[in-house]
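There are 2 protein chains.
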Amino acid sequence: MFQGQTILRIPGPTPIPPTVEQALSRPMIGHRSGEFSKLFAETAERLKLVFQTEQDVAILAGTGTAGLEAAVANTVSPGDTVLVCTAGNFGERFIKIVKSYGGRVLVLEAPWGERIAPDAVRRELEQHPEIKVVFATHCETSTGVLHDIEGISKAVRETEALLVVDAVSSLGATDLPMDRWGVDIVVTGSQKAFMLPPGLCFLALSERAWQVVEQNDSPRFYFDLRSYRKKLAERTTPYTPAVSLIFGLAEVLNLIEQEGLQQVFTRHLLMRDMVRAAGRALGLPLFCSDEAGAPTVTSFSGNGFDVEALRKVLRTEFGIVIAGGQQHLKGQIFRIGHMGYCTPLDMLQVLAALELALLRVGAAVELGAGVRAAGQVYLNAKEALKHA
Amino acid sequence: MFQGQTILRIPGPTPIPPTVEQALSRPMIGHRSGEFSKLFAETAERLKLVFQTEQDVAILAGTGTAGLEAAVANTVSPGDTVLVCTAGNFGERFIKIVKSYGGRVLVLEAPWGERIAPDAVRRELEQHPEIKVVFATHCETSTGVLHDIEGISKAVRETEALLVVDAVSSLGATDLPMDRWGVDIVVTGSQKAFMLPPGLCFLALSERAWQVVEQNDSPRFYFDLRSYRKKLAERTTPYTPAVSLIFGLAEVLNLIEQEGLQQVFTRHLLMRDMVRAAGRALGLPLFCSDEAGAPTVTSFSGNGFDVEALRKVLRTEFGIVIAGGQQHLKGQIFRIGHMGYCTPLDMLQVLAALELALLRVGAAVELGAGVRAAGQVYLNAKEALKHA
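From first to last, the protein sequence lines are chains A and B. So the first sequence is residues 1 to 388, counted in my numbering. So the second sequence is residues 1 to 388, counted in my numbering.
None of these hints come from the bench; they were simulated from the model. Just so you know, these numbers come straight off a predicted model, no measurement behind them. From the three backbone atoms N, C-alpha and C, an ideal C-beta is built for every residue, glycine too. There's no promise every hint is true.
[As the list claims (entries may be wrong)] Quick list of simulated restraints, FRET-style, between CB atoms:
| # | chain 1 | residue 1 | chain 2 | residue 2 | range |
| --- | --- | --- | --- | --- | --- |
| 1 | A | GLU150 | B | THR19 | 56 to 64 Å |
| 2 | B | GLN262 | A | PHE265 | 45 to 53 Å |
| 3 | A | SER289 | B | ALA384 | 38 to 46 Å |
| 4 | B | ASP290 | A | GLU150 | 36 to 44 Å |
| 5 | A | TYR239 | B | LEU49 | 39 to 47 Å |
| 6 | A | HIS31 | B | PRO177 | 32 to 40 Å |
| 7 | B | GLU45 | A | GLN332 | 14 to 22 Å |
| 8 | A | MET28 | B | ASN254 | 27 to 35 Å |
| 9 | A | THR236 | B | LEU49 | 54 to 62 Å |
| 10 | B | THR19 | A | GLN262 | 51 to 59 Å |
| 11 | B | GLY331 | A | GLU291 | 47 to 55 Å |
| 12 | A | SER25 | B | GLN263 | 51 to 59 Å |
| 13 | B | THR6 | A | SER100 | 42 to 50 Å |
| 14 | A | THR236 | B | GLN263 | 25 to 33 Å |
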């Protein structure tokens with residue numbers, strides 16, 4: 001069967017809007033030109049809106065993991081004790097990075113699919129006053145859980161420790177008011193809610209975090225955030241910037257500003273609710289509770305059918321790519337990404353195809369039931385908006 | 001609400017595949033260069049596959065109407081009697097063009113939404129042996145009716161008259177074996193099943209038609225098909241070709257060849273059947289019979305709701321553009337295009353949105369019923385293919 005464009009419904013990289021694709025294709029300009037300097041400085045300034053911060057936002061050429069490493073390299077000195085909250089693959093990544101920088105890692109673990117309890121963070125901090133940095137994941141992409149960063153931040157703010165948040169698959173799609181919640185470092189990447197190809201990461205740091213960064217003595221060069229701060233003040237970058245991605249980023253910020261950040265959040269919540277309602281109507285077990293469900297990615301457990309076969313049908317028959325499980329969840333769950341450049345209509349599309357694919361792999365679902373449930377959620381939300 | 005890309009579900013212009021967009025963006029080359037000459041000659045040769053003909057295919061820079069006019073200008077001399085079969089807006093266009101060239105027009109009319117009966121054509125030809133050319137429309141875009149060109153051609157072949165077919169919204173999506181059916185001139189444009197922007201038209205002529213063209217004395221210059229034939233033999237064009245569109249056309253032919261022409265037809269029939277089944281399940285009156293329903297566009301009558309309001313909801317809430325009625329059908333019908341770069345998945349998408357939009361304009365439809373019916377058609381077709 002002839003296929004349309006590949007439809008990415010993985011939790012990143014996500015589809016690129018056409019106007020962003022056009023921006024990415026702009027002819028190269030000199031990275032030390034006045035034209036680029038102006039664009040770069042303005043773009044960095046506009047990023048503050050999405051971080052909901054008054055602080056500068058550092059832009060590095062590198063993916064999300066580069067951003068996470070920069071956060072570690074600038075805050076963890078060898079021998080420092082840190083607490084890593086983990087309930088999935090990306091929490092675990094923090095552990096590996098901190099260890100590679102010689103940090104002493106305390107791990108606060110929750111089962112995959114569950115949330116880290118802020119009170120548990122509080123207890124760890126009481127028992128281990130030597131903790132200098134707490135690392136937490138906002139959206140745990142591997143499970144589809146959105147952790148309670150507001151609650152965790154309250155617990156951390158009762159101490160002198162820093163709170164570093166991996167917001168790679170949440171920022172720009174989900175409310176994360178960094179300054180108001182008192183988060184010290186927020187890290188994200190370009191290829192999720194930012195609707196860009198992979199290749200950029202962004203970090204914003206509180207004043208408290210910058211003080212730690214100034215005193216930190218971990219070896220670092222490319223990831224030394226002091227260089228980025230200093231050069232940003234001069235409207236430039238310490239090393240060659242990813243010029244095309246900055247062109248794209250400027251257009252992404254246009255799109256976010258046009259829609260309005262709150263409306264972006266509302267759209268993502270609506271997409272989440274549509275997907276979850278459809279799953280319920282189709283008898284698909286949701287991998288995490290409604291309270292924990294992220295607005296950017298939804299995980300379902302297989303229910304007597306072959307999850308990998310389901311993904312294959314979606315890919316080969318409909319050109320739709322969804323994600324499987326990671327590590328021990330491989331073959332156990334599948335994940336539908338709904339972040340960035342996607343709409344309620346896209347959810348109806350993926351759900352209609354999902355129903356057909358479920359039937360094709362032998363799952364007993366009622367054709368149309370998922371789309372109907374998602375459509376009802378959509379109509380109710382529209383009705384609520386009208387009377388708001 | 002933030003919208004995805006505008007989704008064209010009108011019966012042309014149709015969406016452009018990404019690889020075709022890329023081809024259209026290729027840097028310009030000299031139109032008299034060896035490189036272009038080679039590309040042009042090869043592309044014209046490959047077009048024969050889609051026309052199912054051994055004859056040369058003329059490529060003109062102009063839209064579908066330019067192609068229709070070229071067919072008239074080259075076959076109708078002033079004072080010639082012609083028969084125009086019409087059951088919609090595009091049949092009527094032929095009448096206007098023939099009249100502007102001084103032809104004497106006999107009209108064989110069927111009500112909009114119905115097919116021209118081949119026997120009626122036969123009767124006209126018997127009663128008017130002076131008819132030199134019969135003009136017919138394959139897919140009448142304004143109503144969604146596919147006329148019986150095979151039957152009409154049989155009737156015309158019993159005489160010396162030529163048969164000219166407007167295949168603008170059918171060729172490349174629907175079986176039209178020109179040589180086998182004995183059609184004399186097939187005209188189409190680039191912006192329908194050919195998945196290109198508007199700007200090219202293609203004409204293939206039988207040997208019999210070429211003889212008439214050689215003797216025709218209507219005034220013509222740009223539309224003189226003799227120039228195109230002569231220059232094609234020299235691997236070039238009489239006037240400046242639309243270079244970018246030729247780049248795009250070459251890629252379109254790649255896509256059609258990769259899928260296979262028969263498979264292209266099957267896909268369009270499947271999309272038609274999905275849309276019609278959904279309409280039935282939703283209680284939407286189909287504007288023409290199943291037998292007459294075109295594989296490229298489906299028309300529905302409004303059913304107690306405001307058709308234009310429905311179109312507006314689809315456009316503003318979902319970014320989906322469908323067509324309304326033309327002339328006296330304005331406000332009476334709506335038309336969903338399903339030709340060119342679209343798939344069964346796209347049908348599920350437009351139908352899911354259509355259901356919601358119907359509810360929003362107050363139509364009493366069962367949410368999910370249309371998508372379910374379309375999905376069932378899809379599954380049955382897949383099952384049939386498996387056992388074929």
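Supplied distance hint 47 to 55 Å, evaluated on CB atoms of GLY331 (chain B) and GLU291 (chain A)
48 Å, holds
Range hint compliance [Cβ, HIS31 (chain A) to PRO177 (chain B), 32 to 40 Å]
For PRO177 (chain B) against HIS31 (chain A), whose Cβ atoms are near 58 Å apart, the range 32 to 40 Å is violated.
Take a look at whether the Cβ-Cβ distance between THR236 (chain A) and GLN263 (chain B) falls inside 25 to 33 Å.
About 54 Å separates the Cβ atoms of THR236 (chain A) and GLN263 (chain B), which means 25 to 33 Å is violated.
Taking the Cβ atom of SER289 (chain A) and the Cβ atom of ALA384 (chain B), is their distance within the range 38 to 46 Å?
For ALA384 (chain B) against SER289 (chain A), whose Cβ atoms are near 43 Å apart, the range 38 to 46 Å holds.
Against the range 51 to 59 Å, how does the distance between the Cβ atoms of SER25 (chain A) and GLN263 (chain B) compare: consistent or not?
32 Å, violated
Take a look at whether the Cβ-Cβ distance between MET28 (chain A) and ASN254 (chain B) falls inside 27 to 35 Å.
Holds, at about 30 Å.
Taking 56 to 64 Å as the hint, is the beta-carbon distance of GLU150 (chain A) and THR19 (chain B) inside that range?
46 Å, violated
With respect to the beta-carbon atoms only, verify the hint that ASP290 (chain B) and GLU150 (chain A) lie 36 to 44 Å apart.
58 Å, violated
GLN332 (chain A) and GLU45 (chain B) - C-beta distance against the hinted 14 to 22 Å
For GLU45 (chain B) and GLN332 (chain A) the Cβ distance comes to about 53 Å; the hint is violated.
Kindly confirm whether 51 to 59 Å is satisfied by the beta carbon distance between THR19 (chain B) and GLN262 (chain A).
Given a distance of about 38 Å, which is not inside 51 to 59 Å, the answer is violated.
Falls inside 45 to 53 Å, the C-beta gap from GLN262 (chain B) to PHE265 (chain A)?
48 Å, holds
Does the Cβ-Cβ separation between TYR239 (chain A) and LEU49 (chain B) fall within 39 to 47 Å?
Violated: the Cβ-Cβ distance is about 53 Å, outside 39 to 47 Å.
Checked against the numbered hints given earlier, the structure breaks hints 1, 4, 5, 6, 7, 10, 12 and 14 and satisfies all the rest.
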